[in-house]
Amino acid sequence: AAGVIQSPRHLIKEKRETATLKCYPIPRHDTVYWYQQGPGQDPQFLISFYEKMQSDKGSIPDRFSAQQFSDYHSELNMSSLELGDSALYFCASSRMGTGSSYEQYFGPGTRLTVT
Amino acid sequence: DQQVKQNSPSLSVQEGRISILNCDYTNSMFDYFLWYKKYPAEGPTFLISISSIKDKNEDGRFTVFLNKSAKHLSLHIVPSQPGDSAVYFCAASGSPGTGKLIFGQGTTLQVKP
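Going down the list, the protein sequences come from chains W and S. Take the first sequence: its letter number 36 is residue 36 in the working numbering, and every next letter is one higher. Take the second sequence: its letter number 97 is residue 97 in the working numbering, and every next letter is one higher.
Please note that the accuracy of each hint is not assured.
In silico SDA-like cross-links for lysine to any residue, where the CA-CA straight-line distance does not exceed 20 Å [said to hold, decoys possible]:
| id | chain 1 | residue 1 | chain 2 | residue 2 |
| --- | --- | --- | --- | --- |
| 1 | S | K37 | W | R111 |
| 2 | S | K37 | W | G3 |
| 3 | W | K13 | W | K57 |
| 4 | S | K37 | W | L88 |
| 5 | S | K5 | W | Q37 |
| 6 | S | K5 | W | G40 |
| 7 | S | K5 | W | G3 |
| 8 | S | K5 | W | S59 |
| 9 | W | K22 | S | A41 |
| 10 | S | K37 | W | K22 |
| 11 | S | K37 | W | P39 |
| 12 | S | K37 | W | F69 |
| 13 | W | K57 | S | K56 |
| 14 | S | K37 | W | Q37 |
| 15 | S | K37 | W | K57 |
| 16 | S | K56 | W | E103 |
| 17 | S | K37 | W | F45 |
| 18 | W | K57 | S | Q2 |
| 19 | S | K37 | S | S10 |
| 20 | S | K37 | W | Q41 |
| 21 | W | K57 | S | K68 |
| 22 | S | K5 | W | P39 |
| 23 | S | K37 | W | S59 |
| 24 | S | K37 | W | I5 |
| 25 | S | K37 | W | Q44 |
| 26 | S | K54 | W | E103 |
| 27 | W | K57 | S | M29 |
| 28 | S | K37 | W | S55 |
| 29 | S | K5 | W | Q44 |
| 30 | S | K37 | W | A1 |
| 31 | W | K57 | S | Q3 |
Some chain S residues close to chain W (C-beta under 10 Å, calculated; not the full set) [as the list claims (entries may be wrong)]:
| id | residue |
| --- | --- |
| 32 | K71 |
| 33 | G99 |
| 34 | G104 |
| 35 | Q105 |
Everything labelled a hint here was simulated from the structure, so no lab data went into it. Think of the CB as a built atom: it goes at the ideal place given N, C-alpha and C, for glycine as much as any other residue.
Please take these sequences and the hints and turn them into a complete structure.
In structure tokens:
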């Protein structure tokens, strides 16, 4: 079965640079979520989109922005990168209006390293 | 403040025995709970979930129990297999679809052959 696709899998950037992470949800899933997992920590919710509109927002820095496109893929844009942004970034997707709409399916993650 | 807590960082069990992973939550508005399994360098994999209107949900070797009055849930794995060795996250949600998942800190399960 098709899963959530994230690209790139690994990314190395320098401080103050910009990064763009991409997420392709499971086919027919209309909701996308972004999470950040620091070393030894649990995943922390950043932001979510439903039908291309922002639906919820968590502890996402103002330096970060995200959007969902007409084909339902999503991009997380990160500017003025800081060392503390080094983490695993997960994208998850779900489908609203079904009995399992709470269930979020995660991609493999993008490991961002800021040097 | 940690709204979802997994107080045992690690658990070790013998192959064939039962593994019991525990999770506590503080927010009574949570109405859906999920368990995820995670291997290093991979994304969390959905295992099993339970709605707050139920007290038990079973799927093969995995059973989740919910005690709303105690704000406690547990995941039972019977029988445990070496391939079950991973980090297990408990997560809670207060709304479907648009809602975020709040994760616990995770419990590392080791199943010894």
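- Item | Given hint S10/S paired with K37/S - CA-CA distance at most 20 Å | holds, 14 Å
- Task: Would you check the hint for K37/S and S59/W, treating anything up to 20 Å between C-alpha atoms as holding?
- Result: violated, 24 Å
- Going straight from one Cα to the other, do K37/S and K22/W come out at no more than 20 Å? Distance ~23 Å between K37/S and K22/W Cα, so the pair is violated.
- Message: Just to be careful, I want the Cα atoms of K5/S and S59/W compared with a cutoff of 20 Å; is the pair within it?
- Response: holds, 19 Å
- Query: Does K57/W pair with Q2/S here, judged by a C-alpha cut-off of 20 Å?
  - Reply: Roughly 18 Å between the alpha carbons, so the hint for K57/W and Q2/S holds.
- Item | Pair hint K54/S and E103/W, alpha-carbon separation not exceeding 20 Å | holds, 16 Å
- Query: Taking only the CA atoms, is the gap from K37/S to A1/W under or equal to 20 Å?
  - Reply: holds, 18 Å
- Take a quick look at whether K22/W and A41/S sit within 20 Å of each other, Cα to Cα. holds, 17 Å
- Closer than 10 Å between Cβ atoms is the bar; does K71/S clear it against chain W? Give me holds or violated. Where the cut-off is 10 Å and the nearest Cβ of chain W is about 18 Å from K71/S, the hint is violated.
- Hint consistency between K5/S and Q44/W [alpha-carbon to alpha-carbon, up to 20 Å]: Within the cut-off at roughly 14 Å; holds.
- Could you grab the alpha-carbon distance between K37/S and S55/W and see if it respects the 20 Å cut-off? violated, 26 Å
- Message: Using the nearest Cβ pair, does G104/S come within less than 10 Å of chain W?
- Response: Given a least distance of 6 Å, the restraint on G104/S holds.
In summary, the numbered hints that this structure violates are 3, 7, 10, 12, 13, 15, 21, 23, 28 and 32.
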